[in-house]
Every structure is written in structure tokens, then in C-alpha cells.
Amino acid sequence: ARRAIPSARLVMAKHGIGTGFFGAASLDAIRDKIAPGDTLEFGPGAHQVGDVTLHSVSLTAATPGSTTLRGLVKFRGTAAARGLSFDGRVNVLSKARLVMSDCSLIGSADNLLVTREYGVVELERCSLSGAGSKNPALYAETGGSITLRSCRIHAIAGDVAEIVDGGVLELS
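As numbered in the working numbering, residues 213 to 384 make up the sequence shown, in order.
Check the hints yourself; a few may be wrong.
Stated by the list, open to error - With a cut-off of at most 25 Å between alpha-carbon atoms, the simulated BS3-like pairs for lysine-lysine come out as follows:
| id | residue 1 | residue 2 |
| --- | --- | --- |
| 1 | LYS226 | LYS245 |
| 2 | LYS286 | LYS307 |
| 3 | LYS286 | LYS245 |
| 4 | LYS286 | LYS346 |
| 5 | LYS226 | LYS286 |
Hints listed in this document are in silico derivations from the structure and should not be mistaken for laboratory results.
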């Protein structure tokens with residue numbers, strides 16, 4: 213007997229959060245609808261995202277430079293972030309790839325950005341500031357790679373970077 217094979221979702225979706233009439237009020241309100249390949253577009257203002265792990269989900273600001281995400285944002289798979297401020301830590305997990313452009317990483321009491329286990333992060337035209345004094349702003353280990361292109365690093369209370377166990381930091 214033949215069995216039907218459930219069809220996979222083929223269309224990538226763009227979900228608005230705080231973006232107006234059709235947008236969701238918060239990330240929690242649409243968490244169950246998010247799938248790999250989707251893009252989350254955040255409206256202006258501050259959004260509390262808490263501790264969230266996204267698998268191949270990209271993030272963007274509806275109006276670049278007007279949106280702040282507060283919390284710990286962890287990326288798996290391949291993703292991009294554009295025009296957002298991150299007030300908290302960004303983690304790029306095992307073998308993930310994240311490209312951030314025109315973003316700000318600010319004010320974390322901990323690291324601003326961490327990558328491990330061959331995670332790759334590329335930052336372009338980003339600003340990094342306000343990391344805590346006990347931990348470095350940037351941390352890469354076990355083959356993790358961080359590349360900064362045309363970025364501004366300022367107001368860092370402690371070490372800018374700690375690169376260990378085969379980690380890589382490239383500045384240009």
C-alpha cells in the first residue's frame with residue numbers, strides 16, 4: 213500500500229513583530245510559526261526576546277537603527293541580521309554561520325559575541341560597545357571565527373577579545 217508523504221513547507225515566511233496592524237506583538241506570540249529560512253522583521257522600539265535559539269532564521273529591522281533586541285540570542289544554521297541593536301549577548305553555536313550588517317552590539321554585562329565549535333560570524337559596518345569588565349567583548353574558541361569589516365569598537369571596559377583553542381579573529 214502506498215502511503216502519502218507529508219509535504220514540507222516550501223515557502224519561507226517573513227514575520228512582522230511590533231510592525232503594525234498585521235504584525236505580532238512579540239516574538240513569543242509567533243514562536244510556534246517560525247521555521248528555518250524565515251525572516252523576523254522587528255518594528256521600532258525595544259523588544260524583550262529573552263533567551264531564544266533560532267535555527268536558520270534571519271532578523272531585520274523594519275527601520276534600520278530604530279530597533280533594539282534585549283536578551284540572549286543564539287543562532288544555529290545560517291542566518292543574517294541587519295539594522296538591529298542587540299542589548300545582550302549573541303551566541304553563534306556549533307557550525308553555524310551568521311552575517312551581521314549595520315548592527316550594534318551594546319551594553320552586555322557579559323560578552324557581546326561568542327562563537328564556538330567552528331561557528332562563523334561576519335560583522336560589516338557594525339558598532340560594538342559597553343561590554344562588561346569581567347569578560348571580553350568578543351570570544352571565540354574551538355575553531356570559532358569572528359571577522360570584523362569596517363566596524364567600530366569603543367567604550368569596552370575590559371578586554372576586547374579572547375581567542376583560544378584554534379579560534380580566529382580577523383579585522384579589516
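Enumerated hints in conflict with the structure, sorted upward:
As far as the earlier hints go, not one is violated by this structure.
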